[in-house]
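Now for the letters of each chain:
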Amino acid sequence: MSIQEVPQGRLRTPFYSRLAALDTLNAWHEWKGYSSADALYCADIEYFAIRNACAVFDLSPMTKYRIEGTDSLAYIDRLVTRDMAKIRPGRVAYAVWCDDRGQVIDDGTIFHLREGEYRLCSQERHFAWLKTAAIGFEVSITEETADIAALALQGPTSFSTLCGMGIEGLGDLKPFGLMHVDFEGAELMISRTGFTGDLGYELWITPDKAEALWDALFEAGKLFGIRAMGTHALETARIEAGYIAAYVDFLPADATVRTGRTRSPLELGLDWLVDFKKPNFNGRRALAREKRNGSTWRLVKLDIDGNKPAHHSYVYAKPKNNKSDIGFITSAVWSPVCKQNIALGSVRMPHGAVGSTVWVEIYYQREMHWSRVMAEATVVDKPFWFPPRRSATPPEPF
Amino acid sequence: MTDKWNAIVVGAGHNGLVCAALLAKAGKQVLVLEANEQVGGAAITREFTTGFSVSACAHLMYQLQPKVQKELKLDLQLASRDMSTIALAEDGKHVRIDGHSVEGVSATDQREYRAFHKRMTRYADLLRSFFNKPPPRLGTRNAKDLVTLAQLGFDVRRLGRTEMQEFLRIIGMNIHDELQERFDNGLLKGALSLDAVLGTHLGPRSPNTIMTYLYRLAGNRGRVSLPAGGMGRVSDVLAHTARESGVTIRTGMPVSRIIIDNGRVAGVETANGERFDSYTVVSNADPKRTIMELVGARHVETGFTHRITHLRMRGNAAKLHLALDGLPTIAGLSKKDFAERLVIATDEHYVERAFNPAKYGECSAEPVVEMTFPSFRDTSLAPTGKHVMSAIVQYAPYALKDGWTDKTTSAFKDTVMTTIARLAPDIESRTIASELLTPADIEREFHITGGHWHHGELTLDQFYFVRPVCTAAQYSLPVDGLFLCGAGAHPGGGVSGAAGRNAAKTILAREKVA
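Those protein sequences? They're chains A and B, same order as listed.
Note that the first sequence covers residues 0 to 397 in numbering that gives the first Met the number 0.
Note that the second sequence covers residues 0 to 513 in numbering that gives the first Met the number 0.
Where hints are given, some of them may not hold.
Here are some, though not all, of the chain A residues that point toward chain B, as calculated from beta-carbon distances under 7 Å [what the hints assert, rightly or not]:
| id | residue |
| --- | --- |
| 1 | Ala73 |
| 2 | Thr131 |
| 3 | Ala132 |
| 4 | Ile134 |
Now the in silico label distances, taken between C-beta atoms and shown as ranges [unchecked claim]:
| id | chain 1 | residue 1 | chain 2 | residue 2 | range |
| --- | --- | --- | --- | --- | --- |
| 5 | A | Glu143 | B | Leu137 | 37 to 43 Å |
| 6 | B | His348 | A | Glu29 | 54 to 60 Å |
| 7 | B | Leu459 | A | Phe275 | 34 to 40 Å |
| 8 | B | Arg181 | A | Glu4 | 56 to 62 Å |
| 9 | B | Leu137 | A | Ala287 | 55 to 61 Å |
| 10 | B | Asn141 | A | Thr255 | 58 to 64 Å |
| 11 | A | Pro206 | B | Gly251 | 55 to 61 Å |
| 12 | B | Phe464 | A | Arg9 | 52 to 58 Å |
| 13 | B | Arg181 | A | Arg291 | 54 to 60 Å |
Because the hints were derived from the structure by calculation, they are not lab data.
Quick caveat, the model's predicted, so the values are computed rather than measured.
Glycine included, each C-beta is placed from N, C-alpha and C at the ideal position.
Isolated chain B (complex conformation) (with noise of 0.2 Å):
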């Protein structure tokens, strides 16, 4: 028998760093077991042609909580904050939306906007009020439950009787209905729509879309940033946090099973046959491979594993990395505007008809585009006066009905190049190396089932009390000691830690009761 642990957390994403950092403060020998060579998950950079690095997976920070910044006292160095974004135009005439206002589109649509914007922001931060506990249960007579409980039935109703009602009415709806009620100008629509779409299996018209929206703004009122470093940089702080709490840290160690003996949680076995000993084991993998491939089902309930095979977690962006040359041209763009935000959706019908193939397992023809140039204010990540371009493309559906081959992989980026020179007519000369990530190669690189970033739809079915799915939903999975602290817990995915801490926080609390 080896040392024995007092947790192992599998997978060093920021949640499992995050979350073994804050049980070693607590005092806890904690080992973290990452099956890549390098920390992060979906949160690296790497470099993916000689002198050109990127943000491999997640590439824009939304939501890094605060709570999780002051426990662990973490120092991020910030490319560019509060970027704006900028909704493209084939004619230069772009519109540029920035916090609560938007430049290029009339007068009555920069009213409604600021209106629309406030109100969102105000239904956000009453979802972020929540992000930062776990979730109460319902039925019970806990006492710390019942009181999160009433806390949320008070916050709600402490919008206002209108404001309330408004809430309550658009929570569960789709964003193209309120759009179409609000705005007249497509791009600000379209620029919107992708907003509520991205990182789903859902397209604008899909009910539930105000929601997802929302979850984009509650972050951190919708305020986007981009890491020095690249997203790798905020993992190499998190891990450079949990080292000097005291976390071992191992990577190239694969776990291949959860043990599990007499009905709890043993230790945990890595591919190569090695075994650790622990009591607690966290896992940062999503609750499908957690459950069904590290657990295996024997050990569980068959009510438990029907919910979670059914859990929907069908990725569908897939991930653009060019190394450019130079910046392209972009009409109507001025060189500065390259620190931005850049998206490619043109009207509120283009999101949802680049979505319609995608319900039958096919790419779009003309897909919705979110684009970043890192390089522009980080220099690190290319040689001089060149430059990368990371981009978020949808929708390009985990389950192809053709399957991904290097075919269907090149066919689908010549799609994308097409796109994109639409508006950039130079792009395909200035670039050098390219490298298009689907949702089957983030499956297979971040171990995420079905490549959804979020580890599970982030619908109203998988939130919050029933984030993954009920009995499962505070972080402790129904197999005693083994709990969640990734993306498929709640709040969700983002690079926020908020799962992380909260699992952290439901472990310690456990054991104070035990």
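Same shape as in the complex, but just chain A (with noise of 0.2 Å):
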């Protein structure tokens, strides 16, 4: 009989050695399994590198699976709701997947890296559910979280940083395109992909190149600014891009109990996502009926007046006299970078038009006495943050 080695407590990422001898907070949490830092200076410094220089993120916990075979493309076009014949190799397509309900199981990212060969990256584990999507498909799926460490390196100077770091060919990656390129003989795979809705790459190896990897990188980034960064900065990043979190704006179906808890993708504001065109997907039948009954709620994205963010708070149709609320704020914070107070939020249909004002109570503490207000909020169609050098092809120099 032999024994088997089984890790106890969190795991660290091919990256942790590099990350903990910049920490100085030792402030960090569990993300699937891993340690993750919620800052390893100072969130706001980092957050600004995001914006004005260039961040690196630690996201190897980000669950990762191989779906290959001859019936890939027919399997992961039936899996999610958009078109995904039209992601050609060397492509990557943000996706969203739902149940036999249409309501939302998780969102992601799927790169096409070879003919026939796909990543899908979300932040829940899935292995369950694409495993028994599977049933009927020529398809191989394989979990290789653990098997790949990635980087993302997010900001202004990420792609100067880059180029110094010798890689060729970077400036004609398009936004959502992704590109292989030889590392220390190693593969390292680039998207221009990220979080943070800013110019930025994700970078993604083998892990016995990671730290070579962060090492050259950093020697690279020396003269732009880099910075590795922590949860804390994303967040703000993220929710200024408009980007929604699994847990945060809304629940994995699989995980509710209580019906209407779910959201479906049209509630969500990712109909541009969902594909009718497209025959058979899961979750079609639900949403085409939904698209004909309409839909229960709406996902906003506020300006809200004032400078206190409207963390958990309810939204009302008037500022006063209301019978009962109309919502609530799913993420919220101060956006520096715009000077925005900003919020995502989920309200019931027909509120929450585009351009629309609803009322959001916030309340606040201010010398452990509780304060309230009444703020006004508009409803925005746009991200809050999209910079013109997110998608220009090729990106300036720094």
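Mind assembling these two chains? They're in different frames, but the hints should get you there.
Below is the structure:
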């Protein structure tokens, strides 16, 4: 009988040694079994690195599945709501997948690595669902989270940093494109993707080259203000970009118990991802019905008066004399770069049309005592932060 | 593009034929495509050795629904009707069950049986009243569904307070406990246990076997008959009626796929590459085959394929056919008793013991047998003076651990012959030819996944509102234009025609709405 060593407690990502060396706060949390830093020196400084220089985030704990086989396209096309036939090799697609009732299980990115070979990345684990969805398809699904070390390099100087590392041909890489380059004899995949709504890249490599990649990156980024960052800074950036997060802005459909607590993609402002021209995909029948009969909820991006973040607030139709609320805030932050008090929320239809005004009830504490304001908020359409450099190809060097 | 059909029925099983005939009677152009050369699916008569014919799969008729017979004006000749069941004992002291009475048991058992039969028949009648209409959808505001649902509640309530409570108490129960509570005689208990488990992957101590017992009674209060000319004659009559009504039937045309175009049914393609167009396709095949092989997972959703692939349909019944140069000798039986249904299930433990190995992928060492000698009343099946025996034998699990090969098949056949020989010692010497169809053979010959003649276990989780699975329980599958009309749909297997008739009604009602 052999004894198998099972790691106890939190796992460390392949970049842990480098993060730990930079860490001054010792503020870590658990992310899918791994230690992940809240912040390393100061969340605000890290945030400004994203917007004004470049910041590195260790996204190794992100769930990654390899999907390949003769039916891989047909499989993924049935799994997600958007048309995956349009996503050629070398392209990345943001996608959302639903259960049979058209309720969102999760969102994520799907990398078409090579012809018929895909990688699906998501915040949550979905092996059971992906395997179930594979019934009747010639496809293999491999969990490869631990086999790949991944970094996000985000911010205006990210392009110049990577060029400084000697990476060629990066200028031609369009948003949601990916390329393979050689890094010390290993294959480094670079994709122009991210969770910050800014110019940025994600780097994917085998774990044994992780530290070398980190070192090369920080060496090249020295003159470009490169910094490591934690999840606090990223959280502010993703709300500015208007991106939703599982367990925050929606609950995975397979994790809810109560009825009505799930959301459809139409209710999350993701109707642009739902392609009814596709004859079949998971949730299509239910979503077509919802499209016909109307949704119950609507995701809103709110520009709120004042400077007090509207964490967990109720949303109302009127400033006073409300019989009941019309929804609630799911994500809120004061945006330093936009100088706006912004939030994402879920409101009942027909409230929350773009351009309309709603009222947000904000509670805040000052020297122990609670105060309350009814803040006027405008429903906006576009992401709060969408700089032209995000999509400029080639990006401007710094 | 060939002719446009109003509807294509995949498979000329008896349900497919009933459905096709009813659709044609309503003025539809209907095409039936059958894979085998003969119509009837599992309801066929076949010569298995020169001069000897037998119902190749289903052999006894419990429940061809009067509504089907009436609407299609079927003229069926029966070779024997109201057959008794004789539970065979090695010492010749057999027990004879005839409707509500039983002979060969104590006076107490007789009294108990009468009461038992009365109550069970009452519940079975209740069950039957739902056989001939599509199950209602739950959670809808559709008036028709609500009326059916209310009717269901009303009918159950109408049993009376005590009987309703009793019905609800026992419907999910196992038959063994109920029999133990009531009877002393082992043969009686054995025979009733056998009735409850025939054709299932259940033993008498498995939950839900009261329900399967009631299902057997529900067809026609447990009355059993043999059609003249074997079960194939029923199919021939149905095919004849269908053709008369304008149905086109083509045999030897296995459908290789159901064509889905832009999310809806567009027709079917046969193995020889021919294509037939229709916006309505009705599948008489089992739900698993229909979805996973003919339609393909990519045309339906994940949760649905998950439910369909997990449908429990593990066949356990083998079929034994013997050509005999004369009737065998069974102690204590008179000659005319060979017209009845003879069962080998010596006591209440015998059946459960036979089931035990099946749980682990092995055959019963002492199988349960239901024998009939159809040639006794129907001379067309065997040469003069000679006979055929048709027997259902359990348990022979579809997923046999060692696999079904010539070796394992012949070993099981020997086991069965030994079991029968214990009661009829001359059976071996009287046998001219024999054939054993294992569930694997039944799957191959009749294209039934798992060789399960109900197209899916008849258990509460796969019954009525949720037969075969939810979102497909009203004969329509979640692909526009695709319907199910076979035993996999409500109410289930047996040569009843109810599923075919209900499917036709559903399709015609849908059209009216559209």
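Verification of the hints:
1. Ala73: Given a least distance of 5 Å, the restraint on alanine 73 (chain A) holds.
2. Thr131: Given a least distance of 5 Å, the restraint on threonine 131 (chain A) holds.
3. Ala132: holds, 4 Å
4. Ile134: holds, 5 Å
5. A:Glu143 <-> B:Leu137: 37 to 43 Å: Holds: the Cβ-Cβ distance is about 42 Å, inside 37 to 43 Å.
6. B:His348 <-> A:Glu29: 54 to 60 Å: holds, 55 Å
7. B:Leu459 <-> A:Phe275: 34 to 40 Å: holds, 38 Å
8. B:Arg181 <-> A:Glu4: 56 to 62 Å: Check passed, 60 Å falls within 56 to 62 Å.
9. B:Leu137 <-> A:Ala287: 55 to 61 Å: violated, 21 Å
10. B:Asn141 <-> A:Thr255: 58 to 64 Å: violated, 27 Å
11. A:Pro206 <-> B:Gly251: 55 to 61 Å: holds, 60 Å
12. B:Phe464 <-> A:Arg9: 52 to 58 Å: violated, 47 Å
13. B:Arg181 <-> A:Arg291: 54 to 60 Å: Holds - the Cβ-Cβ distance for arginine 181 (chain B) and arginine 291 (chain A), about 56 Å, lies within 54 to 60 Å.
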